[in-house]
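Fit chain D to the known structure of chain L by using the hints.
Same order as they appear, the protein sequences are chains L and D.
Residues in the first sequence are numbered consecutively from 1, following UniProt numbering.
Residues in the second sequence are numbered consecutively from 1, following UniProt numbering.
Read the hints as simulated data drawn from the structure, not as lab findings.
Any given hint might turn out to be false.
[What the hints assert, rightly or not] If you want the footprint, here are the derived chain L segments under chain D, 3+ residues with CB under 8 Å:
#1 73 to 83
#2 154 to 161
#3 168 to 177
Quick reminder that beta carbons are idealized off the backbone N, C-alpha and C, glycines included.
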Amino acid sequence: MNRKWIRYIGLCLCIWLVPSLTWAHTHLKQSTPGDGDTVSQPVQKLTLVFEERIEQGGSVELRDDAGHTVKPSSVKIQGDTLEATLGSALPDGNYTAQWKIIGLDGHPMQGSFHFEVKAGKTSTSQKPPTVPKQQPTPHHDQHPAPVKRSTSSPVIWVVALLILSAAVIVGWLFWRKPKA
Amino acid sequence: MIVWVQTLFETMAVTCLALLTGGALLSLVGDEYKPIVVFPHRLFPLVTLLAGLASFVPVLRLVLFLAPDTGWMEAIRLGVFLSRTGQVWLGLMAASILLALFLQARDMTSSKWTSGLALIGTWMLILIKSWMGHAASVSGVSGWVLHSVHLTAVCIWAGGLMMAGFFTVDTARWLSFLRWFTPTAIGCVTAVILAGWGLMGIIAPEYVASWVLPYGEALLIKQWMTAGVLVMAGVNGGWIRRKLARGEGVNPLPWIRAEAILILLVVAITAWMSQEAAPHTVAETVQAVGVSPLFEGLFPGKWHPGLRAEWQGHLLGGLSVLVALILLALIPLLFRQRRSAYGAVWLAGLAACVGFVGVLVWAYGG
Numbered sequence: 001m002n003r004k005w006i007r008y009i010g011l012c013l014c015i016w017l018v019p020s021l022t023w024a025h026t027h028l029k030q031s032t033p034g035d036g037d038t039v040s041q042p043v044q045k046l047t048l049v050f051e052e053r054i055e056q057g058g059s060v061e062l063r064d065d066a067g068h069t070v071k072p073s074s075v076k077i078q079g080d081t082l083e084a085t086l087g088s089a090l091p092d093g094n095y096t097a098q099w100k101i102i103g104l105d106g107h108p109m110q111g112s113f114h115f116e117v118k119a120g121k122t123s124t125s126q127k128p129p130t131v132p133k134q135q136p137t138p139h140h141d142q143h144p145a146p147v148k149r150s151t152s153s154p155v156i157w158v159v160a161l162l163i164l165s166a167a168v169i170v171g172w173l174f175w176r177k178p179k180a
Numbered sequence: 001m002i003v004w005v006q007t008l009f010e011t012m013a014v015t016c017l018a019l020l021t022g023g024a025l026l027s028l029v030g031d032e033y034k035p036i037v038v039f040p041h042r043l044f045p046l047v048t049l050l051a052g053l054a055s056f057v058p059v060l061r062l063v064l065f066l067a068p069d070t071g072w073m074e075a076i077r078l079g080v081f082l083s084r085t086g087q088v089w090l091g092l093m094a095a096s097i098l099l100a101l102f103l104q105a106r107d108m109t110s111s112k113w114t115s116g117l118a119l120i121g122t123w124m125l126i127l128i129k130s131w132m133g134h135a136a137s138v139s140g141v142s143g144w145v146l147h148s149v150h151l152t153a154v155c156i157w158a159g160g161l162m163m164a165g166f167f168t169v170d171t172a173r174w175l176s177f178l179r180w181f182t183p184t185a186i187g188c189v190t191a192v193i194l195a196g197w198g199l200m201g202i203i204a205p206e207y208v209a210s211w212v213l214p215y216g217e218a219l220l221i222k223q224w225m226t227a228g229v230l231v232m233a234g235v236n237g238g239w240i241r242r243k244l245a246r247g248e249g250v251n252p253l254p255w256i257r258a259e260a261i262l263i264l265l266v267v268a269i270t271a272w273m274s275q276e277a278a279p280h281t282v283a284e285t286v287q288a289v290g291v292s293p294l295f296e297g298l299f300p301g302k303w304h305p306g307l308r309a310e311w312q313g314h315l316l317g318g319l320s321v322l323v324a325l326i327l328l329a330l331i332p333l334l335f336r337q338r339r340s341a342y343g344a345v346w347l348a349g350l351a352a353c354v355g356f357v358g359v360l361v362w363a364y365g366g
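Same shape as in the complex, but just chain L (with noise of 0.2 Å):
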């Protein structure tokens, strides 16, 4: 018996101790082209690398800075990693890819990442003249140093709300007649 319950403890234990388990929903690792990259190459393929394996059926999207839609010609996934193979190489500009996997452990996830396109290959189709475009930001840029807010935090009012709450409830189930 005691045997027995030292036995499952310490498995427990071995579990719980075992390090490097993750258990957060598949992000994207890695990309090429990268978050944020400038890329002087024709691309026609872009890789996308994921925290852990992924589920068929995932897919990618490129959105230009006109709005126009690329979708790639074929994707093909292995593991952990995405593959889409573009029909043509992609004209010069900026553009926003769009994924959307699932995850092993089922869970759907989507995200996005930018780049920008300067192999010298302009489009065919009838652009404006370039206008100078924002820069897309990188990734690491994204969450700035905390502003801080001088909002109060309203805390004070909750708590007096709930204690009062619970005195209304207490005052009700113990006011009334008890059960003969």
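Using the frame of chain L, we list chain D on its own:
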């Protein structure tokens, strides 16, 4: 929207599994060790099917996610037949259909053999169901074992309570029921807490920091709620038992039912949690999904990547925790004064809210 649908159905699936476990368990023990229970004839095949059907929502979620890009047929092919979640669900559905057919053909209560087989079949469903969860998908066998232990123990405990609470027509042999059920329940609670602790070590190693995320907050509320359940269990397994042993007239059924309702609430919170991003590394998860609206509402603009709990002994926090503990302590008083058992559900729920806010304020200041 689908989050609430999934919470509802997931709660239903676990409830069905618990009802099946409880039913099989009560059918298996001899008549002298249980009150007179009458199970409706169609109940067991129905809840068996429901346990499988209600688990479909995660798969549905995948299909809905894929459909805009791939079209419905392809989305169904990918989501149901090719994804891991879909395949495990197909297995669960097949097993639940088989068990439902068996229970339709043979009444579970008819012989020890059928109830024993039903119990084994139910356990298979529980094991497959655990395989569908996060733990198994990401940390493999160890996560699956922990999840299975957790779910099995919950099903035995909650199932026994629900079946005994809602389907007994007579409490004549209640004391001999409690004589074996109380130790069983204590064993289950121990297993639930240990396995839950193990799972927590995997999911939320930054436990305190995770309170800025919906998952961590739900976990904290769940733990306060569990404290209420344990107080109830103390009344049911301890005080009522002693009173019965002394031959004092007391009706245990409302108290058992109230405890079962509390456990179901905890199951519902867990079901809700299973869809949220698990806070393995809090800072990263916050960047992916943002701070929980609740935290942002309580402490506007407070979160930043370096935020640590301060435990500054905030008066308001300490006061709230004290109020929560008093609310929990009032539960036995309800029983003593022979007041409504369902009041305990209110007290425990309120204690969970007050205690939750109290701990947050304690940790993160005003």
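Within 8 Å of chain D (C-beta), three or more residues of the segment 168 to 177 of chain L: n = 5 at 8 Å, threshold three: holds.
Are there at least three residues in the segment 154 to 161 of chain L whose beta carbon sits under 8 Å from a beta carbon of chain D? Our answer is that it holds, as 5 residues pass the Cβ test (under 8 Å) against chain D, meeting three.
Verdict on chain D covering the segment 73 to 83 of chain L, criterion of 3 CB contacts below 8 Å: It is violated, with 0 qualifying residues against the three required.
When each numbered hint is compared with the structure, a violation occurs for hint 1 only.
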